[in-house]
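Engineer: Construct all of the structure, not just a fragment, from the sequences and the given hints.
Residue numbers (the UniProt record's numbering), protein chains in the order written: chain G, 1 to 504; chain F, 1 to 539.
FYI, nobody ran anything at the bench for these hints, they're computed from the structure. Using N, Cα and C, we set each Cβ at its ideal position, and we do this for glycine too. Check the hints yourself; a few may be wrong.
Here are some chain F residues pointing at chain G (derived, C-beta under 7 Å) [said to hold, decoys possible]: (1) H84; (2) A97; (3) K98; (4) I101; (5) D171.
Residue strings, one per chain:
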Amino acid sequence: MGLISGILMGMIFGISLMAGWRHMMRYRSTKRIAKAADIKVLGSLSRDDLKKICGDNFPEWISFPVYEQVKWLNKQLSKLWPSVAEAASAVIKESVEPLLEEYRPPGITSLKFSKLTLGTVAPKIEGIRVQSLKKGQIIMDIDFRWGGDPSIILGVEAALVASIPIQLKDLQVFTVIRVIFQLAEEIPCISAVVVALLAEPKPRIDYTLKAVGGSLTAIPGLSDMIDDTVDSIVTDMLQWPHRIVVPIGGTPVDTSELELKPEGKLTVTVVKANDLKNMEMIGKSDPYVAVHIRPLFKVKTKVVDNNLNPVWNQTFELIVEDRETQALTVEVYDQDIGQDKRLGIAKFRLIDLEPETPKEVTLNLLSSLDTLKVKDKKDRGSCTIKLLYHRFSKEEQLAALEEEKRILEERKRLKEAGVIGSTMDAVGSGVGMVGTGIGAGVGLVGSGVVGGVGLVGSGLGAVGSGLSKAGKFMGRTITGHSSKRSGSSTPVNSIQENGGAKPL
Amino acid sequence: MGFISTVLGFCGFGVGISAGLVIGYYLFIYFQPSDVKDPEIRPLVEQDSETLQRMLPEIPLWIKNPDYDRVDWLNKFLEYMWPHLDKAICATAKNIAKPIIEEQIPKYKIDAVEFETLTLGSLPPTFQGMKVYVTEEKELIMEPLIKWAGNPNVTIAVKAFGLKATVQVVDLQVFALPRITLKPLVPSFPCFANIYVSLMDKPHVDFGLKLVGADLMSIPGLYRFVQELIKDQVANMYLWPKTLQVPILDPAKAFKRPVGVLHVKVVRAMKLKKKDLLGASDPYVKLKLTEDKLPSRKTTVKHKNLNPEWNEEFDIVVKDPETQALELRVYDWEQVGRHDKMGLNVIPLKELTPEEPKTFTLDLLKNMDLNDAQNEKSRGQLVVELTYKPFKDDEIPTTFVESKEVQKAPESTPDGGGVLVVIIHEAQDVEGKHHTNPYVRVLFRGEEKKTKHVKKNRDPRWEEEFSFMLDEPPTNDKLHVEVHSSSSSRIGLLHPKESLGYVDINLSDVVNNKRINERYHLIDSKNGKIQVELQWRTK
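Structural biologist: See the structure below:
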C-alpha cells in the first residue's frame with residue numbers, strides 16, 4: 001500500500017516538477033522574445049511612434065530629417081583632421097602626380113605639385129541617408145561640405161615660358177556623395193564599393209586660381225580653360241551615372257554589374273548652323289562643330305571657311321551609357337591660328353528622346369552653360385541637329401565595349417608615340433590634372449569616412465580587420481586609379497576591363 | 001508494519017519521482033519545438049498602453065539624453081547587412097571550430113561534435129545612441145550603447161557511445177556600453193595607432209541554454225547565478241579602467257621616428273671632369289637621405305683638385321632603412337654664380353647589412369634615368385664607406401608611446417631641479433587688425449623662445465616643443481605666452497607687428513601635477529584661445 005502510494009506520489013511530484021519547469025521555460029522564453037521585439041521596434045522609431053510613447057512630453061531636441069545628422073562624426077572628424085590631412089596629402093601627392101604626368105599637354109614640360117596641404121578646416125558631414133533599393137546593395141548618401149583652406153600649388157613648367165606656379169585657393173566642395181556597397185557572404189561582407197557624386201543636387205566645386213608671383217592674365221583664357229576642364233572631368237568621372245568601382249577583399253569579384261556600360265547608340269547628324277557670331281577681324285568665322293556625350297569621346301565636323309550660316313550634314317555615332325541622366329553637348333568653334341574660339345554651346349538631354357524615333361532639333365547657342373557666367377545676352381545663333389537613339393541588344397553592347405576599349409588603347413599608343421599630346425582631346429587638355437587632383441581628394445575623404453563607419457558598424461573583433469580593409473581600400477583606390485590609366489596588367493585592371501574600362 | 005510501509009513508501013516515492021520525471025519530460029519537454037521562430041513584430045502604433053509601459057525602460061538613449069546622437073542610419077546599414085554578416089560569421093566560426101574539435105574529441109572518447117544549426121537569427125544588434133567626448137588630448141573617445149536582443153540558434157550535437165545529446169543556445173541578449181578610444185592619432189592612414197575598448201557598466205547578458213531540450217536557465221536561482229558569474233568574469237577583464245587594447249599600426253612606423261644612424265665616410269673621388277675654364281674644378285659633396293626634410297650635409301671644398309681626398313665623416317639619422325636611400329651629389333664650387341653639378345649617385349639603404357661597414361665605388365651619373373645616353377659618358381668615380389647602425393630597442397626615443405608618465409629628465413639635470421617642457425599645440429580665433437600671421441613667443445625668466453610663423457590663419461597649429469632647464473621647481477613663477485602677428489610683406493612698415501593676445505600661466509600647478517594640457521582664453525583678444533601643454537620632468 002505504502003509502496004504504491006509512494007510511487008504514485010513520486011510520479012505526480014515528478015510530473016508536476018517537469019510541468020513547472022516547462023512553465024518556467026515558456027515564461028522566460030516569452031519574456032526574452034518580447035524584449036527582443038521591443039528593442040527591434042524601438043530601434044527604428046518614427047515621429048508618430050515617439051509621439052505615442054512620450055505624449056505631451058515630446059523631447060524638443062529630436063527631429064527626423066531625411067538626411068540624419070551626425071554631429072558625433074563631425075566632432076571626431078575635426079579632431080582627426082590634422083592627421084588625416086597629413087596622411088591624405090602624402091597619398092594624393094603620390095597617386096596624382098603620375099596622373100599629372102600622363103595628362104600633361106605637349107606644350108608643358110613638367111607638371112608637379114610644388115605644395116599640397118589640406119589646411120586646418122575639416123570637412124563637415126551634413127547628413128547621412130541609408131537605403132537599400134536593390135537586394136544585396138546598400139546605398140549610403142553622404143551630404144558632404146568642405147569649405148576648406150587647402151594650399152595647392154601646381155608647378156607648371158612650359159617650354160616657352162619659365163615655371164609658373166598656379167595656386168588653387170579657397171577650395172569649396174559641396175556635394176552629395178553616393179556610396180553603394182555590394183554585399184557578399186564572406187567577411188568583410190562587402191565585395192565592392194561604388195563611389196559617385198549625385199547629379200542632383202549638382203556638385204559644387206568652387207575655387208579661385210592665382211598665379212604665384214605673376215598674373216593669370218599672362219596666358220589669356222587659362223582660367224576659363226581650367227574651369228571648363230575641371231567641370232568636364234568631374235562630370236565625366238565622378239558625377240552619377242559615372243562612378244568609381246573599387247573591389248574590396250581578397251577574392252576577385254565580378255563587378256561588371258556595377259560598372260557603367262554602353263546602353264545604346266546615338267546617331268547625330270549635324271545639319272547646319274544659323275546666324276553665328278563673327279569672331280574674326282577680317283572676313284567671317286570659320287566654324288566647325290564638336291559634339292560629345294562624354295568629353296573623352298569628342299567628335300568634330302570639318303571646317304567651313306568664311307561662313308556664318310554653314311551647312312555640314314555630317315553624321316556621327318556616340319555611345320550612351322545612361323539615357324536618364326546623360327546629355328549631348330554641342331559646341332560650335334571658330335577655327336583660328338592658335339587657340340580656337342568658342343562661338344557657342346548648347347546641351348540636349350537624352351531623356352527627351354524616344355528610342356528608335358528620329359528627331360530634328362534646333363538648339364539655341366549660349367556663351368556658357370553656367371548661367372551665372374553668361375556675360376552678355378547677345379544672340380549667338382542656333383544649330384540644327386538630327387538625332388536617333390538606338391538601344392543596344394546584348395551582343396551589340398559587348399561589341400561596343402570592345403570598340404571603346406580599342407579606341408582608348410589606340411589613343412594611348414598614339415600618345416606614347418608622341419603623335420597626340422594627351423589622352424584627352426587637345427581642347428583644354430592642359431588643365432585636366434586640376435580636376436583629377438580634386439576628384440582624388442574627395443574620394444579619399446569619402447573613403448576615410450567609410451572606414452570610420454565600418455569600424456563602428458562591425459563588431460569589436462572585426463574592427464581590426466575592418467580597419468586594415470579600410471587601409472587596403474585606400475590602397476586599392478589608388479592602384480585602381482593609376483592602373484586604369486597606365487594600362488598595366490594588375491588584377492584591378494583586368495576586373496575593370498571585363499566590366500568596361502572607363503578611363504576618365 | 002507501519003515502519004516497513006513508510007520505508008516502502010519512500011522507496012516508491014524515489015522510483016515514482018524518476019518515473020514521473022521521465023514521463024513528464026516526454027510529456028512536456030521532449031516534444032517542444034527546438035527551432036527558433038522570428039518574433040512577431042507589431043508596429044508601435046497598434047500597441048496598447050500596457051505594452052508601451054513595458055517598453056519604457058528600453059527607450060533608446062538618444063531620446064532620453066540630448067547628448068547622445070541618433071545613429072539610426074547605422075542601424076539601418078547593419079540591418080541590411082545582417083543576413084550577409086550572419087552567414088559570413090557563422091561560416092567563419094564553423095571553420096575555426098572544426099580543427100579544434102577534431103583535435104580535442106579523441107581525448108574524451110566522443111565520436112563526434114558538430115553544429116546542428118548555427119545562425120545568429122534575424123535581429124541585428126542596434127545602436128541606441130552614440131556619444132563622443134572631446135578632450136584636449138590626441139585621442140577620439142566614443143561611447144555607443146549597443147543592444148543586441150537577437151534570436152540566434154546554436155545547437156551543438158555531441159555523439160558518444162551511440163547516444164546523441166544536444167546543447168542549444170537560444171535568445172541571446174547582450175546589452176553593453178563600451179567606451180572606444182582611438183589613440184594616439186598618427187599622420188598615416190587609418191590615422192590612429194591603437195583601439196582601446198573598455199566597458200563602462202557591467203554588461204547585461206541573458207540567454208536560454210537547452211540541454212537535451214530542457215532550458216537550464218529557467219531553473220529558479222540558476223539563471224541569476226550564471227548571469228552574475230558571466231558579468232563578473234567579463235567585468236574582471238574589461239570593466240573600466242581595465243581595457244582591451246587592439247593595435248592597428250606600429251606607432252614608430254606611423255610617426256616615422258628615427259630607427260638608426262647611417263655613418264657615412266666620404267673617402268675620395270677620382271677622375272672628376274674639369275668644369276672651370278681656368279684650372280681644375282673645386283669639388284665638394286652634398287649628402288642627403290631621400291624623403292628627408294633636413295638640409296643636406298656638405299663636405300669641405302677641395303680647391304683645384306680632380307682627384308680630391310676628403311676622408312670626412314657624417315652621421316645621418318635614418319627613419320626607414322627599407323625605402324630610404326642616400327643621395328650623393330658632387331658639385332663644383334664657384335666664387336660667383338651657381339655651383340655646377342658634376343654628377344650624382346644613389347645608394348639604397350637596403351643594400352647595407354646592419355653594423356657592417358661597406359665601401360662603395362660609385363660611377364657618377366648625370367641623372368638617375370638609366371636609359372639616358374648622357375650617363376654613358378664617364379664623369380669620374382666617388383668612394384664612400386657606409387655603416388648602418390640600427391638603434392637598440394632601449395635606445396629608441398619613446399616619446400610617442402602615449403605614456404601617462406611624464407618622461408624622465410636627462411641625467412645632466414641638477415639635483416632638485418628639472419626640465420620645464422612647453423608644447424604649444426594650437427590656437428583658435430586669433431585675429432589681428434591688419435594681418436593674421438600668428439606666431440607664439442614664450443617668455444620664462446627672461447628667456448624668450450619663438451615658434452614658426454603660420455601665414456594668414458585664424459586657427460594656427462604649431463605643435464612645437466621648447467624646454468627650459470631649471471635648478472629648482474618653478475613654484476612661484478609664471479610663464480608668459482604671447483601670440484603675435486607680423487606683417488607678411490616685406491614692405492609692412494605701417495603695421496610691422498601686432499599682438500593677438502597673451503596669457504600668464506602659473507607654474508605651481510605644473511610642478512604638482514607633472515603635466516597639464518589645457519586651453520586658455522587669451523587676454524586682449526576677442527575670442528581667442530590657445531592650447532598649451534606643460535610638463536615638469538624630474539630625474
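Engineer: So, for every hint listed, does it hold in this structure?
Structural biologist: Results of checking the hints against the structure:
Restraint check, H84 of chain F versus chain G: the minimum CB separation of about 5 Å is within 7 Å; hint holds. Because the closest C-beta pair between A97 of chain F and chain G is about 15 Å apart, greater than 7 Å, the hint is violated. Evaluation of the K98 of chain F hint against chain G yields a violated restraint, the C-beta minimum of about 17 Å exceeding 7 Å. Given the 7 Å rule on beta carbons, the hint for I101 of chain F is violated: about 20 Å separates it from the nearest Cβ of chain G.
Among the interface hints, the one on D171 of chain F holds; its C-beta lies about 4 Å from the nearest C-beta in chain G, closer than the 7 Å criterion.
Hint violations for this structure: numbers 2, 3 and 4, all remaining hints satisfied.
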